[in-house]
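**Q** What follows is the residue order along each chain.
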Amino acid sequence: MINLALAWAEEYQKQHSEVRISVSGGGTGIGLAALANNTVDIANASREIKSEEKQLAEKNGITPKEFIVARDAIAVIVHPRNPVSQLTLEQISLIYRGKINNWSEVGGENRPIVRLSRETNSGTHVYFLETVVRLGDKKDKSLFSPNTLLLPSSEGIITETSDNPNAIGYDGLGYVAPSVKTIAIAGKIGEHYVLPAVATVNDKTYPISRDLYMYTPGEPQGTILDYLKWVRSTEAQQIVTNLGFVPILGNP
Amino acid sequence: MKQTNFQTLFQPEKQDQEESPQPKPTDSLSERIITLLIRSSGYLSILFVSLICIFLLKEGMPALLNVPPASLFGMTWYPIEGYFGILPLILGSLLITVSAVFIAVIFGIATAVFMSEVAPNWINEILKPLVEILAGFPSVVLGFIGILALSPSLRILLNLPTGLTAFTGALLLGWAAIPTIVSVSEDALNSVPRSYREASLALGATPWQTIWGVTLQAARSGILTGVMLGIGRVIGETMTVMMVTGNAPVIPASLDALFMPVRTMTATIASEMGEVAKGSTHYQVLFLIGIILFLFSLIINTVVFVISSRRLSHSDRLLS
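Protein chains in written order, with the working numbering: chain A, 1 to 252; chain B, 253 to 572.
The hints are simulated quantities; they were obtained by calculation from the structure and are not laboratory data. All values reported here derive from a predicted model rather than from experimental measurement. The reader is advised that the hints may include incorrect statements.
Listed next, the in silico PhoX-like pairs over lysine-lysine satisfying Cα-Cα at most 25 Å (straight line) [stated by the list, open to error]:
hint, chain 1, residue 1, chain 2, residue 2
1, B, LYS530, A, LYS59
2, A, LYS181, A, LYS50
3, A, LYS181, A, LYS139
4, B, LYS380, A, LYS59
5, A, LYS181, A, LYS138
6, A, LYS54, A, LYS229
7, A, LYS50, B, LYS530
8, A, LYS50, A, LYS138
9, A, LYS181, A, LYS99
10, A, LYS181, A, LYS141
11, A, LYS181, A, LYS65
12, B, LYS530, A, LYS65
13, A, LYS54, A, LYS141
14, A, LYS138, A, LYS54
15, A, LYS54, B, LYS380
One chain only, chain A, in its complex shape (with noise of 0.2 Å):
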């Protein structure tokens, strides 16, 4: 969410010269390890804070308080020449969970299949996992499979994809660059097969989107409420909508 923060950042300081705000990045896990160490007024989150997380917190005395910024949606990519252009959720989570290991299997070309993702600090990365490899089964424990490059920056990840042709990807809808070529994906066989788009995140047809979270510790006051209002007016909304996720609908 770096550069969705950085916009609204850089955007609500142009319009607000008394009021400083400093963005760093490092993954949504950072940001809520900061959150319940306090040393942070707003944590940018790309998936829900986890139970531990907020018993963490609160036992340093911090109860975190959740608002819903934006929605994104989880882009598959795959090499542009890659013959492939469409997959079930399914298949991808066997390819992630190492047991579909040559694109023949999935009607491309005899290429070994070499997995991307994020590091494991990032949001996208736990998402993922569980909505994904795990299709969304909390009982299951698979993981990835351990030779999945974990690279550590959502850059790192469009330049291997754009690259190499036996490469398979995901990130959020913003980074993906034309270089790249999303695959349209089905929730199960039979249904249709979906492309990314706002209009798809929305209706709710493409099948791995997430909202996009602030967390603050406690209620809060003053400037950041301040912050966070705009955050979630038409004005701001439309930075979304410019770095490619989707708005939320609807302003409080």
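Since the structure of chain A is already known, use the hints to place chain B on it.
**A** Below, chain B alone, put in the same frame as chain A:
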């Protein structure tokens, strides 16, 4: 500063040509203050290192209590779900270190021999500063070159599934370690007395036989020191490996694991330290990995120390 140290170590012939003993330094106040300042700087360094040591141990040792050894020495590293197997990380670091040092030793010693024994002076004037520039490459720049240029080329050249492999990391780290090995080895080779080479040539050996059988042997401990320093540099490298090795926690089981992604200890700490809650098991295990890295450095530095002090007595005996 390192160079002068080794020059004095490897010139056992240099007699102390001082004249009559100098008068004792006066016990004036300024002398005592300066002595005090210098002494406290020395003691402070010891203090800082000890404090770092204590901090590492304090934060990392509890991991040994909180994580059962079966899990700790298991084969899966996936800390957000409680899998704390550090074996893939240690082996990943070792694989890259050994490969990188192999590459660096071959090119480094060859360059050092070239610069010290074969090349005419004017080439050295150009070569030495160039090698020093190599040493100045920031590790992010190396990583950048790796992702954008080296990795795709290796993938196409060697027909690998992906170019983000241990081999890519080893090439780049070997590149980074070469200047260390070259400068220390070159100093060691330069310090071998001319009489050795002359004696060998007088006995009828060819220049190459002299270099291989006499000069290199005489400079052995210095070269070994350079190699150990190179190892130390490589094992601690973080940014480059994070960008080009793929960070996949697999156990390197066979020789072609060199051409597969790996995950190093350093990249693990760098990627994950920010997200851990202070005092959690994950936090403690990361510190344990830090302790292991520290131990490796300690071992390497101790070996360097032992080698350089031991060999001195050998060459002393040889010369008398």
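**Q** Give a verdict on every hint.
**A** Evaluation of the provided hints:
| no. | hint | verdict |
| --- | --- | --- |
| 1 | B/LYS530 to A/LYS59 | 12 Å, holds |
| 2 | A/LYS181 to A/LYS50 | 32 Å, violated |
| 3 | A/LYS181 to A/LYS139 | 32 Å, violated |
| 4 | B/LYS380 to A/LYS59 | 58 Å, violated |
| 5 | A/LYS181 to A/LYS138 | 30 Å, violated |
| 6 | A/LYS54 to A/LYS229 | 23 Å, holds |
| 7 | A/LYS50 to B/LYS530 | 16 Å, holds |
| 8 | A/LYS50 to A/LYS138 | 13 Å, holds |
| 9 | A/LYS181 to A/LYS99 | 23 Å, holds |
| 10 | A/LYS181 to A/LYS141 | 30 Å, violated |
| 11 | A/LYS181 to A/LYS65 | 37 Å, violated |
| 12 | B/LYS530 to A/LYS65 | 21 Å, holds |
| 13 | A/LYS54 to A/LYS141 | 22 Å, holds |
| 14 | A/LYS138 to A/LYS54 | 19 Å, holds |
| 15 | A/LYS54 to B/LYS380 | 57 Å, violated |
Of the numbered hints given earlier, the model fails hints 2, 3, 4, 5, 10, 11, 15; all others are met.
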